[in-house]
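Spelled out, the chains give:
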Amino acid sequence: MRRPGHRGLATGALAAIAALLISSCGAGGRPEEGEGGGASDVGVTAESVKVGGHFPLTGVAAPGYSEIPTGAKAYFDYVNANGGVHGRTIDYVYRDDAYNPTNTSQVVNELVLQDEIFAMVGGLGTPTHSAVLDFLNGEGVPDLFVSSGSLLWNQPGKNPQTFGWQPDYEVEGKIIGQYVKQHLPDAKVGLFLQDDDFGDDGEKGARAYIGDQIVAAERYAPGNTDVAPQIAALQAAGADVVIGFNVPSYTALSQLTAMRLNYRPQWIYSNVGSDPALVGSLLSRFSEGKVTDAAMLEGVITTEYLPGVDAPDNPWTRLWQRVWDAHGGRGELTNYRIYGMAQAYTFVQALQAAGPEPTREGIVRALEEVGGELRGPAFVPYRYSADSHAGLGGVKVVRIAGDATEDLGPVLVTGNGDTEITEYTEQHAGPPANGIPNVEPVS
Amino acid sequence: MRAVLRRLVPRSLLLRNLLGVVAGLVVVVLVLETTSPFRNSQFATMSYYAIAAAGLTVLTGLNGQISLGHGALMAVGAYTTALLLQGGSVPFPLAMLAAAVVTALVGVVVGAAAARLHGPYLAGATLALAVGVPGLAIYFDGLLGGEQGLSVRSPRPPGWFADAHYFLTAGELGGAKYLAYIGWITLLVVVLLLANLMAGRYGRVWRAVRDDEVAAELAGMRLGGLRILAFVVSAACAGLAGAVLAMVVRLAAPSGFTIVLSLSLLTAVVVGGLGSIPGALLGSALLVFLPPAVTNLGTGAGLTGVQAAQLAPFVYGVVLVVVMLLAPGGVMGLLRRLWRRGINQGGST
Amino acid sequence: MQQFVNITLNGLSQGAIYAAFALALVLIWRATRIINFAQGAMAMFTTYLALPLIESGQSYWAGFAAALVAGLVLGALVERIVMRPVEGGPELNAVIVTLGLFIALQALAAILFGATFQSFPAPFGLRGFTVGEFTIAFTPFSVFVIGSVLVVMLALTALFRFTDLGLRMRASAFSQEVSRLLGVRVGRMLTLGWAFAAVVGSLAGLLIAGGNLVHPAYMDAVIVYGFVAAVLGGLESPGGAVAGGLIIGLALSYVSGYLGSELVTLAALGILVAVLLVRPRGLFTRVAERRV
Amino acid sequence: MAEHGGALEIRGLSARYGPVTALDAVDITASPGRITAVLGANGAGKTTLLRTISGLVKGADGSVLLGGRDLTGAPAETIARAGIAHVPEGRGVITELTVEENLRLGELLGTARRGSRNREHRLGTVYEMFPALAQRRRREANSLSGGERQMLVIGRALLSAPEVLLLDEPSLGLAPRIVAQLFALIRDLVDREGITVLLVEQNARSALSIADTGFVLNLGRVVAAADAASLAGDADLRHAYLGF
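Protein chains in written order, with the numbering used here: chain L, 65 to 507; chain E, 720 to 1068; chain Y, 813 to 1104; chain U, 9 to 252.
Isolated chain L, as found in the complex (with noise of 0.2 Å):
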């Protein structure tokens, strides 16, 4: 076992420099001589199996998404403090990428090559994350549910090892400009974008249902933090509802943009943009305390596909914020720590059915097999199958109101292209006594 410490890299980094300079120095053995695991893989030991991630803990997305991997560390140590999954401790490191594709690609190297996982659970971002795909298929690295609803994700003939997990954009897009065209059928519609897959999805699944009632489409640069400019287009077409499909901290220049101007469309921001605790707290200190918390995203409509910190009394929630208070470090419990937690459930389900000996390969076997049947936290079951590795498939509309969000409609699943949209009608169920899921290993 050969575990690279403090020590070992500083001198190994100077030694791999004399190496090159002088002539030849063994800095290490080859990789993968790990012959003798039995069934096992890279990253499985008899005590533990490895898993990593990759998020920005640092730059514009940084906000919130830098919470989510605390929250599904807290999820591992606790299910590690029960015993583990068959005997097995999940030992999870996560890696700072700043939401910087060529990062990503430098993280991911590290993981797989250097730490040597097992998997990839939940490496956020579309930019990101593409820039790592090719990498992990070709090198079979199980990616499992990637933090994007990116439809990239979903392509098991090309991409056989990554799977989605959240709905994706343009599933949320359609439920999104489905309610508008039942709700607001006269309302002329303004869309801010961000600038890549994940605005466009958003606008295609939007289009699809309101393509008529569209009369502007403004796109920023992420980084560019001046958005008057898009702002004042959408003002000047007369959109008075605005969709937002856009990270949070644009939901907080978009809103203060627009009390600038004057300008109060009803706003409707995409589940990932739309958290009020993170988006207030951005707020709250703008223009000493002018601008009063949540109170600006009042009656912003938005999407749910899990039960938040709004909902204190849900099963699920009481669950998470028992993890949280026991594993958790500094802070709250946040949504986007809860998100963490209900992607580490599902890896642990998916660990579950690969069986006391997984493999990358059983993993991923596993999942096309069982996916489709599991529940968990969220309100809706994954569309996991042989032909489809797409995450949630759907969500419901909801309206912000105080600290809490009010339901608009039922629970709506659909697929992507054609597919309708319906009535999902299975009740919820709470997550199991013990708070840790309890799958039979596939065949």
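One or more hints might be untrue.
[To be verified] Stretches of chain L that chain Y covers, calculated by requiring three or more beta carbons in the stretch to come under 8 Å of a beta carbon on chain Y:
(1) 140-149
(2) 271-285
(3) 291-301
(4) 319-328
Read the hints as simulated data drawn from the structure, not as lab findings. Yeah, the Cβ is synthetic: ideal placement off N, Cα and C, and Gly gets one too.
Please build the complex by placing chains E, Y and U on the supplied structure of chain L, with the hints as guidance.
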């Protein structure tokens, strides 16, 4: 002893450099074969920094022109490579060559503008270039993939190469290792060409221009043309570096070519010693191997992961200032000074 | 029409900030023939210093004043400690030192204050004024922005025109040797010049941050815009820098509003190249010849 | 103004530019109320001598004393504040400033040295002395002719209330008529104010015509020292070094 050595080294410059490159190749094979895939991937990263830094050191060190825009030139090379490799029909060496040519052409344009500027003006203009060019990729998102960029099909080792490799080393050829080979072979070729160029007529002329513009102009040299040529050579290197980067990172995206990249390259050449190719290699090695070491020191000292990650750039910045204040010749300058002192002492006793 | 008016007003208040930043660059350029590429990082750093003060319950103005004072001190320290040895040396060395400072300060801010987006308060309302039935993109804070840049400009003009200190500083900037022969303590004047410039830069940093999100790299693009504005104004003239700042602010706002926000930095590059190649002396400079 | 102008004593002063010795153990004394001329061919070290005295060039050896106070190695601004006004050759005017601003700089130094505030009066005396400057007081010094510039720098030096005036080629590029006026003015000043003047000139004949004593420099060494009249009368010396 030195006389013996001198006799063993061939007289011709080209031969001598060639011999150095062959020796380098042997070292590269030995190092890549004995290190882990992770180290291999680090060496692959180092190779593209080194290619770009070698080109930059010719421009800044020999010709006296600063460029904060080499990141943008690398972007040109990377996107060219990504576009050509997309179809799967263009072999990667051809794509790399094309990247170098296209970037050199861009270098003609940028160089022509840059030749009329000096010092702070040139720095500011190339800084604007570095900040501005990535915007093109977002504007032409249909072709260039916008914010998320173009993913690149990294070349897989062809059968004969893998076979030859197995025959020689009895080990299988991983993806990281193959990319490291591509990067380092490119680097050795670039170093060979640059070393010859620097030792030859153009090297002398460039140095003359740097040291005394007026005198060089009076001596009948066409400064504009010389400056542009230096820029083109340097741009071609940046283009190649971009091509290697695209294949190693498997992506050409705007976020890969921020101002940080350009400043890192500058750090590498300044710390290594302006105008010195070995210095550029040393500087690039620092760029790759220093951050993990510094980051570990930081976490060891109780910093959070995020704080520790920022420790490396902090060290770069401080080192850049300190080097300029105390040892403007960089590491190579220091070594040369020590070497000379050694000889002088040896002579006097 | 409303859109045009709003984009114009937005451009004006952004332009005022670029003007302040360009002014800071020009002050240092005139005094020491150095472009301070670390100006943005210095401004970012002092702005961050105000944040914990304001968060701890002090008034906005306490933080504001603290940031400006910190700018004064930082500017003086930077000149005295790291710039003095490279002043008058090869111009490349000075450029590299300022870039080193830029990298180091940015990393240090991330270590000390964190690297995430944080909101920064504004002392005045952020709700636009209403004219007739329209609300325009001009807020009490915009008035403050433009007002404070005007005040700084007037104060600097008064300092240079009407005071003995200003005369000494100008003399040192134009001719160090003659100034020394006239008993002017040139070293002190240069330190003071950097200190004043850093205060103006800090002000620009505070104004950009106000009612917006800050992170350690939030001033990066502003360095470029400020540099373009300063070159547009001819690098020598404070008045030119202000005019250049306003022009850049307007131009970039139109580009962002009508062509796309991803083109803003490219537009800045285009303007810079055009000015350098066509009118290297800037739009307003009277000096006959200048080497660029 | 300078109530008891101090003597300027230069002892064993040497200066080098890299390997080149520009001044080699020079001894010169200039007394108050007298004009001391330093003569010599181009490259003899005259300008280096003045630059070393005023602290613009670091001397390698020797000392500079003003009224017994050791100023060796002091920075230029300290030497200026001690009362040595150096009027450099050619480029003494700050062209970007106005005429009045140039003068005010000298006046500021004078105020600092004397602690008086009577500005208008003193600027007025210079304008009286040089009416051409008064007309152009608001103009940039850029617009002045060569003669006017020379007046400006001398006027500015006088405003600083110096004890010692170092004049480097004040006649350079001026019409003979103006040179004569200028020298008459200098003579008059010295007689009236009792200041010490060290006058560097290539035009030895006219310099000696107003000087009291003279030193001849050649290749950085003093090769002759005598009163002005006997220097002017020494035919060999004139022939060898002074060229008239």
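Handout entry: Check of the stretch 319-328 of chain L against chain Y for coverage (Cβ-Cβ below 8 Å, three residues minimum)
Key = With 6 residues closer than 8 Å to chain Y, the stretch 319-328 of chain L meets the three-residue bar; holds.
Practice task
Examine the stretch 291-301 of chain L: at least three residues should have C-beta closer than 8 Å to a C-beta of chain Y.
Solution key: holds (count 8)
Exercise for the section: Between the stretch 271-285 of chain L and chain Y, see if three or more residues pass the 8 Å beta-carbon test, and mark the coverage as holds or violated. Expected result: Check passed, 3 qualifying residues.
Handout entry: Check of the stretch 140-149 of chain L against chain Y for coverage (Cβ-Cβ below 8 Å, three residues minimum)
Key = violated (count 0)
Going down the numbered hints, you'll see the structure goes against just number 1.
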